[in-house]
Amino acid sequence: MAKKLRIQVLKDRMVLERDMSGLFVPWILFTCIIVFFFQGLFIEIPFSLLHEIKLNLSKNFKLNSIADINTYTDIYKYLSEFMEAADRFDPLNRERFVARRYGKPGDVSRVFEKDETDVTIVREKKFFAVSALIIRPMIMMQRGTRVECTHFAEHYDRLYSMARYLRYKFRGQRLEGGWQPKRVWFASSHDELKNASGSVKEMSIREPTEVPYLSSYSSNQENTKGSRLLMCVKRGVPNSTMRTKLETQYMNIKIDRDDDAFFGDFLTESVDILAYLGYKVYDWEIDKQKYPRCFTTDIRDSVTGETLPNGTKVSLKDVDERCGRSGDRWQDVQTSRIQAQVFLYTPVVEVFTRIKVDFRILDTGLFSNEYQVKSFRMIRKTNDWNRWVAITCVQ
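Convert by adding 22 to the 1-based position in the sequence shown; the result is the number in my numbering.
Hints are not guaranteed to be accurate.
Stated by the list, open to error - Result set (SDA-like, lysine to any residue): computed pairs, CA atoms no more than 20 Å apart in a straight line: (1) K84 - P68; (2) K99 - V144; (3) K339 - Y313; (4) K126 - V144; (5) K76 - I157; (6) K396 - M160; (7) K378 - G349; (8) K84 - K310; (9) K84 - K302; (10) K312 - Q361; (11) K335 - Y304; (12) K216 - T270; (13) K223 - D213; (14) K223 - S211; (15) K302 - K312; (16) K378 - K147; (17) K99 - K312; (18) K147 - R322; (19) K310 - V293; (20) K256 - R351.
Simulated from the structure, these hints should not be mistaken for laboratory data.
Since the model is a prediction, treat every value here as computed from it, not as a measurement.
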């Protein structure tokens, strides 16, 4: 039995094939545009090159290690390593690539009669690193505001001090014999104890008939708000009073970035990290009589340029033996954020890279650390520019 041809189905099929044939040319053009687009994109952003640059810098700056940092001591150590890594990419590094002389070429006079002088730089060997610094490392800090501790913290001094000294000595050994403290006093410093003993605060009064910690917390004795043992900080509220001290002590300036205010330095040197640790390493504060070997630049022979015996500059490893130290610290419990940045340039491929490391100290004391490595290419300065323009025009 012969099948009947369905005219409507045949008509629909012919209309579909006509429409498809009409879309063939636009489809070819669209495919070409996509191909040219990705070709231009790979010229503008060479992903393989950027990955290799980031991988190299990540290894040199030990970026994978910052996740494990959770103490201020580790931050100081990493910042020192950060500076050492930056020095490896610095063409003006005096230890590796150049020598610096004060005065004009041929002038060996080292007598400074003015605050400004000429500088002559002599290349000792070629700079062999692939990438080079374009801006010295920037180390910046945000600080929170210190506030008085409240609630249970108001009673902590009296509670803990009496409970501690009624039971144990300092190293955890039990007190032997009948002697027990009747009162516990707390001086905030030796100067207070020496000069104003009448103002030393009484922290605890023993009441033998009651449990010490219970009586201390529930008694009606006069209480001073806050605590001398504990320190409370509002990290979300910046401390504006630190500006003068940081400017005077560390030559820091106020830096506004990303709607945040930092204290720091655009041209941080390794010696600054030592100063932030509390060591007296700046030239104007070194006691030459007491610390004759505390110097932060290698002492070299003026003719040969070789480092003299015992002329090696002080380092993080031996700074404690060779330099004095103060009690001040650039970072302490009030620090809420520490940021280190450096900018580098990779020639030939014309790529600029920014490395940023962030240490955020949370209210719980936990360190939340992260880093960013961002690169972009100055394609206008490369041989690929004309090819990129041609591809873009074709699109």
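Handout entry: Hint consistency between K339 and Y313 [alpha-carbon to alpha-carbon, up to 20 Å]
Key = Holds, because 16 Å separates the two Cα atoms, which is no more than 20 Å.
Problem - Holds or violated: K378 to K147, with C-alpha atoms at most 20 Å apart - result: 30 Å, violated
Practice task
Sort out whether M160 lies within 20 Å of K396, counting only the CA atoms.
Solution key: With Cα atoms ~16 Å apart, K396 and M160 stay inside 20 Å; holds.
Handout entry: 20 Å limit on alpha-carbon distance, applied to hinted pair K147 and R322
Key = Status holds; Cα separation ~17 Å.
Problem - Given pair status - D213, K223, alpha carbons within 20 Å - result: Distance of about 14 Å is within 20 Å: holds.
Exercise for the section: Could you grab the alpha-carbon distance between K256 and R351 and see if it respects the 20 Å cut-off? Expected result: Between K256 and R351 the Cα gap is close to 19 Å, so the pair holds against 20 Å.
Exercise for the section: Decide if the proposed pair is consistent with the structure: K310 and V293, CA atoms, cutoff 20 Å inclusive. Expected result: The given pair, whose Cα atoms are some 17 Å apart, holds under the 20 Å limit.
Problem - Distance restraint between K216 and T270, which requires alpha-carbon spacing of 20 Å or less - result: 29 Å, violated
Practice task
For the pair supplied as a hint, K126 and V144, confirm whether the alpha-carbon distance does not exceed 20 Å.
Solution key: Judged against 20 Å, a Cα distance of about 12 Å means the pair holds.
Handout entry: Pair hint K84 and K310, alpha-carbon separation not exceeding 20 Å
Key = Violated, at about 36 Å.
Exercise for the section: Take a quick look at whether K378 and G349 sit within 20 Å of each other, Cα to Cα. Expected result: 29 Å, violated
Problem - Holds or violated: K335 to Y304, with C-alpha atoms at most 20 Å apart - result: Given pair K335, Y304 holds - Cα atoms ~13 Å apart, limit 20 Å.
The structure does not agree with the numbered hints 1, 2, 7, 8, 9, 10, 12, 16, 17 stated previously, though it agrees with the rest.
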